[in-house]
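Taken in sequence, the protein lines are chains A and B.
If you use our numbering, the first sequence corresponds to residues 1 to 292, in order.
If you use our numbering, the second sequence corresponds to residues 1 to 318, in order.
To be clear, the hints were calculated from the coordinates, so they are not data collected in a lab.
Restraint ranges, calculated between C-beta atoms of paired labels, are given here:
1) B:Ile26 with A:Leu83: 31 to 39 Å
2) A:Leu83 with B:Leu78: 50 to 58 Å
3) B:Pro161 with A:His120: 39 to 47 Å
4) A:Trp279 with B:Leu84: 39 to 47 Å
5) B:Thr141 with A:Gly116: 24 to 32 Å
6) A:Gly116 with B:Tyr203: 52 to 60 Å
For lysine to any residue, the following SDA-like pairs were computed, each having C-alpha atoms within a straight-line distance of at most 25 Å:
7) B:Lys202 with A:Arg281
8) A:Lys91 with B:Gly308
9) A:Lys91 with A:Leu183
10) B:Lys107 with A:Gly90
11) A:Lys117 with B:Gln277
12) A:Lys91 with B:Gln192
13) A:Lys91 with B:Met300
14) A:Lys171 with A:Leu156
15) A:Lys91 with A:Leu193
16) A:Lys91 with B:Arg106
17) A:Lys91 with A:Glu178
18) A:Lys91 with A:Thr192
19) A:Lys171 with A:Arg86
20) B:Lys77 with A:Arg262
21) A:Lys91 with B:Ile294
22) A:Lys117 with A:Gly218
23) B:Lys107 with A:Phe278
24) B:Lys77 with B:Leu87
25) B:Lys202 with B:Pro186
26) A:Lys91 with B:Lys195
From the three backbone atoms N, C-alpha and C, an ideal C-beta is built for every residue, glycine too.
The residues making up each chain are set out below.
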Amino acid sequence: MPSGIDFLSQGINGIVLGLLFSLIAIGFTLMLGVIGIINFAHGVLFALGAYFAFTLRNSLGFWAALIISPLLVGLIGIIIERLAVRRMYGKDALFCLLLTFGIAMSGEELIRMVWGKLGHSIAAPAFVSGSIDLGFMLYSKYRLLLAVLSALILFLVWLFLEKTSYGAIVKAGAQDSEMVAALGNNISRMRTLVFGIGSALAGVAGVIAAPLWSVRPGMGNDAIMPAFVIVVLGGIGSFWGTVIGGLAVGLSVSLAVMFFPRMSDLVMYILAAVVLLFWPRGIMGEKSILED
Amino acid sequence: MRRFLKLPFVWMFLFFLVLPYLLPLIKGYTALASEILIYAMFALGFNLLLSYTGLASFGHAAFFGIGAYAMALTQLKLSDDLWLGLLMGMVAAGFFAGIVGAIICRKRGIYFSLLTLAFSQMFFFIAFRWDEVTGGETGLTGLRRPPLRLPGLPAVSLTEPMAFYLFALAVFMVVMILIWRLVHSPFGSVLQSIKQNEVRAKYLGYNTVFYKWVSFTISGIISGLAGAMFLLQQDAVFPTYLNWTESGNVVMVTIMGGGVVNFFGPILGAGIFVILQNAIGAYTEHWLLILGLIFIAIIMVIPEGILGLFKRTKTVQQ
Numbered sequence: 001m002p003s004g005i006d007f008l009s010q011g012i013n014g015i016v017l018g019l020l021f022s023l024i025a026i027g028f029t030l031m032l033g034v035i036g037i038i039n040f041a042h043g044v045l046f047a048l049g050a051y052f053a054f055t056l057r058n059s060l061g062f063w064a065a066l067i068i069s070p071l072l073v074g075l076i077g078i079i080i081e082r083l084a085v086r087r088m089y090g091k092d093a094l095f096c097l098l099l100t101f102g103i104a105m106s107g108e109e110l111i112r113m114v115w116g117k118l119g120h121s122i123a124a125p126a127f128v129s130g131s132i133d134l135g136f137m138l139y140s141k142y143r144l145l146l147a148v149l150s151a152l153i154l155f156l157v158w159l160f161l162e163k164t165s166y167g168a169i170v171k172a173g174a175q176d177s178e179m180v181a182a183l184g185n186n187i188s189r190m191r192t193l194v195f196g197i198g199s200a201l202a203g204v205a206g207v208i209a210a211p212l213w214s215v216r217p218g219m220g221n222d223a224i225m226p227a228f229v230i231v232v233l234g235g236i237g238s239f240w241g242t243v244i245g246g247l248a249v250g251l252s253v254s255l256a257v258m259f260f261p262r263m264s265d266l267v268m269y270i271l272a273a274v275v276l277l278f279w280p281r282g283i284m285g286e287k288s289i290l291e292d
Numbered sequence: 001m002r003r004f005l006k007l008p009f010v011w012m013f014l015f016f017l018v019l020p021y022l023l024p025l026i027k028g029y030t031a032l033a034s035e036i037l038i039y040a041m042f043a044l045g046f047n048l049l050l051s052y053t054g055l056a057s058f059g060h061a062a063f064f065g066i067g068a069y070a071m072a073l074t075q076l077k078l079s080d081d082l083w084l085g086l087l088m089g090m091v092a093a094g095f096f097a098g099i100v101g102a103i104i105c106r107k108r109g110i111y112f113s114l115l116t117l118a119f120s121q122m123f124f125f126i127a128f129r130w131d132e133v134t135g136g137e138t139g140l141t142g143l144r145r146p147p148l149r150l151p152g153l154p155a156v157s158l159t160e161p162m163a164f165y166l167f168a169l170a171v172f173m174v175v176m177i178l179i180w181r182l183v184h185s186p187f188g189s190v191l192q193s194i195k196q197n198e199v200r201a202k203y204l205g206y207n208t209v210f211y212k213w214v215s216f217t218i219s220g221i222i223s224g225l226a227g228a229m230f231l232l233q234q235d236a237v238f239p240t241y242l243n244w245t246e247s248g249n250v251v252m253v254t255i256m257g258g259g260v261v262n263f264f265g266p267i268l269g270a271g272i273f274v275i276l277q278n279a280i281g282a283y284t285e286h287w288l289l290i291l292g293l294i295f296i297a298i299i300m301v302i303p304e305g306i307l308g309l310f311k312r313t314k315t316v317q318q
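The shape of chain A in the complex, shown without the other chains (with noise of 0.2 Å):
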């Protein structure tokens, strides 16, 4: 029977790898809570953010790298989204599905062309290495700065989601999009950058998993998958649903490595399963256009 001192360490870890993963749900859930539509590629945008960050750090650093592979991530976000994304909209959302499925496949390619096949593992930063004596246990500082980083990242979404004018017009416009333009906004505008934003949180989610998991070229499917569960247990474009959704999937996939750890990966599913029966649209999840 694991002691009390295993069941809080593996508690912080939960929480910890919990924000993490909301932080990866959350791009996620606002393309599809906003524009209606399922995102395969966010995972490969999460990968490309790592890969990103693991070329850019030997020259630029940790900060830097922070802060530009994010950018550069939207950036490709914003052009999937012109070139190919935007003649979904309208469409059955299984072509938009298909078509970031392509996406995802061939990007996954294009990673291991231009890095390699092979996994590289990153180093925490320097000012990061090591643990940190919380009293009762030695704990990884860079995973406490991942959770701190995690969470602020999440504030400031929720920032400009309630904040700021723009974010009301992003929520009006994931209601009713028609009314939202009608009263002069511009729609098409407004839907490319959510998609880079979304790209934008995929890839510094990536930027801070990259000492974690270390980077490899089927690391997105280790974010994309998360991702869906989460988004299918906080329900469909809800802010507190995903953050609630993520910590629900870190805590339980970090407390079940403890009693049954060859099926850790498996808990998060049958979680979901089990919140779907009581709860038919996630925790927060109210009746969405995307039913239909």
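Got chain A sorted already, so can you dock chain B onto it with the hints?
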């Protein structure tokens, strides 16, 4: 009799009879032809759900994989019989499709797709981690093709590629005709009405959730049969059969061929997919890049698929 022997079926049968002799022209081989048939069966079963019921499953590789594992486990633990193995593949896939379907058939649209994906990942990780039964990451290998036994006839060995191909062709024809009969039956009409307008179908008194569940389960059974056949073809099964990328491939193959507008679309898609995979794979190890780009191009340029170009909509929308 004429209702069963529609002309396209005769032409298709004749085409597939000569296919193994045509493939060498493009550096193919007989086993590749068998793969096309098996993949076409899988895609036809999937399309029953996608184009006739209007449900986009993104987790169908799970049922394909379950069928393959069930066949393998039957052979390893129970009996070497060909028919029993195929039956177990269908039963196992149908059983799990029935359970998953019961949970998710009330869901609609993207939500349905997300859930099929989540459930298929569950099966993937079970296959990946449950070493004692599924062999874990390395899968189950070294299986063999049992001989074909028919009552009153001597057993026929299927180890020769051509013998197995003809067996696969027979199974394929039966499955295709059954699906054709199904979608052109009153049951099929109800499914299409659900696709067109579920609320209206419900008001007409149809238990639409039940119909969707039956369609999901049948589709799972056919996928399981295809998986079991694929096991015979490969003599091995790996967890990657259940991977979500495989689920995505079958959706893409169905759309690419034009399954949404034509009953035979998935067969064309499967043929192109298997041949392309083989052809590009021979030139570059980065064939996924090319395949991905082809997928992107098809969705952007001809979203209704290749047969959609000919607009033969009569088979789906009567």
